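Engineer: Going down the list, the protein sequences come from chains A and B.
All residue numbers for the first sequence refer to the numbering used here, where the first residue is -9 and numbers rise by one.
All residue numbers for the second sequence refer to the numbering used here, where the first residue is 376 and numbers rise by one.
Treat the hints with care, as some may be off.
Stated by the list, open to error - Mimicking DSS-like on lysine-lysine, the simulated pairs with C-alpha atoms at most 27 Å apart in a straight line are:
1) K610/B with K33/A
2) K437/B with K86/A
3) K81/A with K711/B
4) K31/A with K757/B
5) K31/A with K752/B
6) K752/B with K610/B
7) K88/A with K440/B
8) K381/B with K431/B
9) K701/B with K15/A
10) K72/A with K431/B
11) K75/A with K701/B
12) K13/A with K711/B
13) K437/B with K15/A
14) K711/B with K(-4)/A
15) K437/B with K88/A
16) K610/B with K31/A
17) K455/B with K72/A
18) K701/B with K13/A
19) K81/A with K437/B
20) K752/B with K33/A
21) K711/B with K(-3)/A
22) K776/B with K389/B
23) K72/A with K437/B
24) K61/A with K431/B
25) K711/B with K72/A
26) K(-4)/A with K701/B
27) K437/B with K75/A
28) K17/A with K437/B
29) K75/A with K455/B
30) K86/A with K711/B
31) K75/A with K711/B
32) K17/A with K701/B
33) K440/B with K15/A
34) K72/A with K440/B
35) K86/A with K701/B
36) K17/A with K776/B
37) K701/B with K81/A
Said to hold, decoys possible - Label pairs and their calculated CB-CB ranges:
38) Q456/B with P62/A: 18 to 24 Å
39) P62/A with K852/B: 52 to 58 Å
40) P62/A with P666/B: 56 to 62 Å
No wet-lab data here; the hints were simulated from the structure.
The model shown is predicted, which means the values in this text are computed figures rather than measured ones.
Ideal Cβ positions, reconstructed from N, Cα and C, are used throughout, including at glycine.
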Amino acid sequence: MSYINKKEVEHIAELARIHLNEKEKEKMASELRAILGYIDKLKEVNTDNVEPIAHITGLENILRKDKINEKPLGEQAADAEKLIKTVPDSKDNFVKVKAIFDK
Amino acid sequence: MAEYHKQIAKENPKLNAYLSVFNKPKLETRNQELETNFLSGVPCAVKDNILISGEKCTAASKILKNYIAPYDATVISNLKQAGAVFLGKTNLDEFAMGATGENSAFGPTLNPHDHTRVAGGSSAGSAAAVASNLAVYALGSDTGGSIRAPASWCGAVGLKPTYGLVSRHGLIAMASSLDQIGPITKTVEDAAIVLNAIAGHDPMDSTSVNPEWDLPDYTANLNKPIAGLKVAVPKDFFSVPSGSASVATSAKEAALAKEGRGLDSQVNNLAQAAIAKLESLGAHIDQVSLPMVEYAIATYYIIVSSEISANLARYDGIRYGYSTSKAENLLETYLKSRAEGFGAEVKRRVMLGTYALSAGYYDAYYLKAQKVRSLIKRDFEKVFEKYDVIVGPTMPYIAPKLGGLSDPLSAYLADIYTAPVNLAGLPAISIPCGFIEPETSNQKLVTRLPVGFQIIGKHFDEAKILQVAHNLEQSGK
Chain A
-9 MSYINKKEVE HIAELARIHL NEKEKEKMAS ELRAILGYID KLKEVNTDNV
41 EPIAHITGLE NILRKDKINE KPLGEQAADA EKLIKTVPDS KDNFVKVKAI
91 FDK
Chain B
376 MAEYHKQIAK ENPKLNAYLS VFNKPKLETR NQELETNFLS GVPCAVKDNI
426 LISGEKCTAA SKILKNYIAP YDATVISNLK QAGAVFLGKT NLDEFAMGAT
476 GENSAFGPTL NPHDHTRVAG GSSAGSAAAV ASNLAVYALG SDTGGSIRAP
526 ASWCGAVGLK PTYGLVSRHG LIAMASSLDQ IGPITKTVED AAIVLNAIAG
576 HDPMDSTSVN PEWDLPDYTA NLNKPIAGLK VAVPKDFFSV PSGSASVATS
626 AKEAALAKEG RGLDSQVNNL AQAAIAKLES LGAHIDQVSL PMVEYAIATY
676 YIIVSSEISA NLARYDGIRY GYSTSKAENL LETYLKSRAE GFGAEVKRRV
726 MLGTYALSAG YYDAYYLKAQ KVRSLIKRDF EKVFEKYDVI VGPTMPYIAP
776 KLGGLSDPLS AYLADIYTAP VNLAGLPAIS IPCGFIEPET SNQKLVTRLP
826 VGFQIIGKHF DEAKILQVAH NLEQSGK
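So here's chain B without its partners, still in its complex pose:
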């Protein structure tokens, strides 16, 4: 513990991974099983949109700057039961809205491998803390890629469980039909151990997994060989998803493709190498097609913004946190508290969602998006009739430079491989699959930036994706 505190005191002023650090380790709960629990006494970090009773929970927003959580999230109660020790709360894009970690009201988290680059979002601080050894493991949340993206860009393991496997009670809501809490860890085995502690039914979350189900021990199958495994590789993930200049459906996409915003060729090579490794381990590899994935980002941003506009209506300057001092009447309290308390990306999404749900546009945008979401789910279901897992790169490119994804639409397109998974409610894990040395003018300063490989499974088939990920991880040693 003391070692971690020392490290955090030294590294955090640069990285900005932690928003708050607990001086006294939280260890209120003691029970006899603790001595045999893997997580007993193990220091962890928690994304600052998950409530720990009596501690600040800001969601990296000015509007919740001084908010003290009145209760524990269910995942926190579960970890306390397991004897976990909490080091502090980690930085994120405001209300978990962002792909880079730069939308935090308290400044960006830097990438531990290169301080001129972003850590990835929105669970930026959680991934950076684990990757730079400022925590053994961390909790994040993933709505469109927010666990997997920073894990990929920081070189950690990030698991987004099936929608409903982990309770959302005590997670500050962004998009309730997509949000899911999961672990960011150093190894696949650690991810399985943390999942064991946090998975399960919760009466406080009616969308959580059926109470009658017997959940497996997620560590049990890790070492089983994967010979005979059926692996699907969607060609849509490799055909330069944002559109090569010739097939791009919009000028914007063509411009992005020209800027190299499609699948980076070196990322492609490392993903192909990981697939070849799976084959050498006895897996059977086939190309498949997920034609509706092309529409995932458009669908995602309508659904996510619509749910955001409803969920964030509660920040009214009356019930929580920040309230303007400039209001003369109640309406001004709303208008000005929200204007002064929310950052640019939050305002943009609330506006977009309000528009999509407003009279005259509901059918054209929200209902249409929910129907396309059905089709995206069907695409995945069809593939999973014949295959055990779907694999590909986690992110289309390595961590960009700070400010490199400042255009809102290009930031949205970074989620191209991760958001479809949330829309279909599926579990997925990102594990490191190698490094890239970006070209640099300074030959003396060679940095290596990690690349992530994504393994997607059937609903509630976390045991399978963890097994595949563990086999792949061990084969690389």
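For reference, chain A alone in the conformation it holds in the complex:
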């Protein structure tokens, strides 16, 4: 099960949205094989009737009031400006992205 080949690495890299070159694919496949080979030891553990962990200290249903942000508009605009400043490419206070479809 844990034998991960180059083709599978290509598929995972596409899902993860990371471009890998040929050399990186080979290296990644062999490194992931070694790590997954170690992780396979989990199969030894009997987990029948064991619930997976949901929250480690047992918190449940942490809710807050559905209240609108009461910051003055000016402050909100200043916050937005700060966030837009962290964006690599923007125009007229909007985030700019490349074309989704090829021309």
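We have chain A; now place chain B onto it with these hints.
Structural biologist: Then chain B, alone, in the frame of chain A:
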């Protein structure tokens, strides 16, 4: 302040503990309580994955190289309230992924005790800065040992609080079910003082501690004697955890054991001496077993990688930091920005996590790991029914040479004593318990490398582990 700046200017070019140094001390907040607060005016360093408004926050990644934090993390607001002064931001493994500090996109932090060795990761710069007196204290973050490992290898005190005791708001997320911010300090008392300032409920972090709880003053019990304390020593921590060659479950483990990658015998001796000291202080010592700890690293790397693959999806070349200049369309912006912006270890973990969560493998890896995590938690709970604390070495060996843990799997196995604690959500502290002189060909150049001792407590029982640590620390003086 000026003294610290002078020291940093002198030492940092070698150590690489700080990624950025603030020229003007940040002291915007003033209130009357400041005069009585222990932290007022005290210079501290902050790991560069915790946001300080208006300052760069890189997570030691090329992808966030020029990112300016738009707001303060809650821990930073808390420290500002207490009058803290920030010296600068410290180096780390990229996005806090690593055991040595070498995965930083901006070069490794060196160990202050021996510049040919690593500082330990991922809070490498924070521990090195405190250990070399380039800060009075520092904040780190700990997902699988990232506060305790560098504290152990640099000879500092490192406290990883219970999951949720300290708000994660404004901490750049790695694995959200495990991440926790905590102090790295010179003394146990300092750790308690810093914890007092940063612990508590935060409406911005829904996993933070219940707002109705009254948190104790963590300094109050430090000097109380520990006579009658019930201490558990897990034999699993001492039985050469990576497997002695004969019982190793894989060829890899056998090879590691042969390379001496199990528990180092001198580290073992110092941990045993610390346990003997606890006994001489009146503690009752018993051997116990944590059989599921053997599966902690396998469990940890599935859970941590899965959460990483989800958390790091936000670095898309569009919303933050680095964006490739070579993209023709949107898909290429994603593929190339991430390829050019992330380092090798980050890519490896994103890939591993994506694989573990992908169709057909989810049950076998992620769900299985979450179930084993339940069993690991149960192991600890069983011991804590009868005992107050669990103790053992923090790291299986002293700080390795630079490049000595370059194989990804051996680096993962360095977390063997620390990662189980995060999986169970427990608090733990690492304190120095002695030094080792590694064998060297150069007899004139004798270096002494510190060893850390770990004390693990029940959920939200930080006061107890701090008390035990303080007693142990004072008895060594």
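Engineer: It remains to establish, for every hint, whether it holds in the given structure.
Structural biologist: Going through the hints against the structure:
no.	hint	in the structure
1	K610/B with K33/A	holds, 23 Å
2	K437/B with K86/A	holds, 21 Å
3	K81/A with K711/B	holds, 22 Å
4	K31/A with K757/B	holds, 23 Å
5	K31/A with K752/B	holds, 18 Å
6	K752/B with K610/B	holds, 17 Å
7	K88/A with K440/B	holds, 22 Å
8	K381/B with K431/B	holds, 22 Å
9	K701/B with K15/A	holds, 21 Å
10	K72/A with K431/B	holds, 13 Å
11	K75/A with K701/B	holds, 22 Å
12	K13/A with K711/B	holds, 16 Å
13	K437/B with K15/A	holds, 21 Å
14	K711/B with K(-4)/A	holds, 19 Å
15	K437/B with K88/A	holds, 21 Å
16	K610/B with K31/A	holds, 21 Å
17	K455/B with K72/A	holds, 21 Å
18	K701/B with K13/A	holds, 20 Å
19	K81/A with K437/B	holds, 24 Å
20	K752/B with K33/A	holds, 18 Å
21	K711/B with K(-3)/A	holds, 20 Å
22	K776/B with K389/B	holds, 16 Å
23	K72/A with K437/B	holds, 21 Å
24	K61/A with K431/B	holds, 25 Å
25	K711/B with K72/A	holds, 26 Å
26	K(-4)/A with K701/B	holds, 25 Å
27	K437/B with K75/A	holds, 18 Å
28	K17/A with K437/B	holds, 22 Å
29	K75/A with K455/B	holds, 24 Å
30	K86/A with K711/B	holds, 17 Å
31	K75/A with K711/B	holds, 22 Å
32	K17/A with K701/B	holds, 24 Å
33	K440/B with K15/A	holds, 26 Å
34	K72/A with K440/B	holds, 17 Å
35	K86/A with K701/B	holds, 16 Å
36	K17/A with K776/B	holds, 24 Å
37	K701/B with K81/A	holds, 20 Å
38	Q456/B with P62/A: 18 to 24 Å	holds, 23 Å
39	P62/A with K852/B: 52 to 58 Å	holds, 55 Å
40	P62/A with P666/B: 56 to 62 Å	holds, 58 Å
Consistency with the previously given hints is maintained throughout, with no hint failing.
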